[in-house]
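Residue numbers (the numbering used here), protein chains in the order written: chain A, 147 to 260; chain B, 51 to 162.
Calculated from the structure, these hints are not laboratory results. Don't take every hint at face value.
[Stated by the list, open to error] The list that follows gives simulated cross-link-like pairs (lysine to any residue, SDA-like), each with its CA atoms no further than 20 angstroms apart: (1) A:K248 - B:R101; (2) B:K161 - B:L61; (3) B:K87 - A:S253; (4) B:K92 - A:T151; (5) B:K92 - A:S258; (6) A:K229 - A:L185; (7) B:K87 - A:L185; (8) B:K92 - A:S155.
[Said to hold, decoys possible] Here are the in silico distance ranges between beta carbons for each label pair: (9) B:Q95 - A:N197: 41 to 49 angstroms; (10) A:N198 - B:E65: 47 to 55 angstroms; (11) B:A129 - A:I200: 42 to 50 angstroms; (12) B:D81 - A:L176: 28 to 36 angstroms.
Cβ coordinates follow ideal geometry from the N, Cα and C atoms, glycine included.
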Amino acid sequence: EPEVTQTPSHQVTQMGQEVILRCVPISNHLYFYWYRQILGQKVEFLVSFYNNEISEKSEIFDDQFSVERPDGSNFTLKIRSTKLEDSAMYFCASSGDREGEKLFFGSGTQLSVL
Amino acid sequence: GESVGLHLPTLSVQEGDNSIINCAYSNSASDYFIWYKQESGKGPQFIIDIRSNMDKRQGQRVTVLLNKTVKHLSLQIAATQPGDSAVYFCAEKRSGGFKTIFGAGTRLFVKA
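Extracted from the complex, chain A is given alone in its bound form (with noise of 0.2 angstroms):
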């Protein structure tokens, strides 16, 4: 059954830091997202892509926040300079129904900012 991949599945840094995380979405999808989820909490929209741009973003998602889809298979996240309260583990998620509906996740990476 096809799956959503993320990489690495721990990503620790530093404070001030740049980090990118790395997604391969469901192949015929069009619809891409990433979230976010603090300690067992709450999963938090950041930001969904389609047709090669955002369609739309939550007020987490800032100016250190970015996505790329740089070829036709990859998605990333980038946050510029990390902070303590980055640290969460990050889900990127596809769709191929109409506006997103049925998502699909992968299994997250934990990211550690210290």
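Use these hints to put chain B onto chain A, whose structure you have.
Coordinates of chain B only, in the frame set by chain A:
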């Protein structure tokens, strides 16, 4: 503001019993509702969905009920099994938007 919340953070049931997980939503503009299951160390997994023009939808061992009058959503799991132990999130979305909003989650424990 937008929010999707759950009444109970933890639910413990006996194996074989039916489970009911409840959720309240506040955004009247939402017209699509979803239940996700999250097992330890994994991302959320789609279980079942329902649109606002429906009151009930059934899947395999799961049923979702939607009461738009009181903005209430529930997930019923029949004959709960140990493999059903997980955190369950309700989520909402509105047509024309790309964002799915998740509730706080209910942890389901299944006792053997």
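Against the structure, the hints come out as follows:
| no. | hint | result |
| --- | --- | --- |
| 1 | A:K248 - B:R101 | 12 angstroms, holds |
| 2 | B:K161 - B:L61 | 11 angstroms, holds |
| 3 | B:K87 - A:S253 | 13 angstroms, holds |
| 4 | B:K92 - A:T151 | 11 angstroms, holds |
| 5 | B:K92 - A:S258 | 17 angstroms, holds |
| 6 | A:K229 - A:L185 | 16 angstroms, holds |
| 7 | B:K87 - A:L185 | 17 angstroms, holds |
| 8 | B:K92 - A:S155 | 11 angstroms, holds |
| 9 | B:Q95 - A:N197: 41 to 49 angstroms | 26 angstroms, violated |
| 10 | A:N198 - B:E65: 47 to 55 angstroms | 48 angstroms, holds |
| 11 | B:A129 - A:I200: 42 to 50 angstroms | 43 angstroms, holds |
| 12 | B:D81 - A:L176: 28 to 36 angstroms | 21 angstroms, violated |
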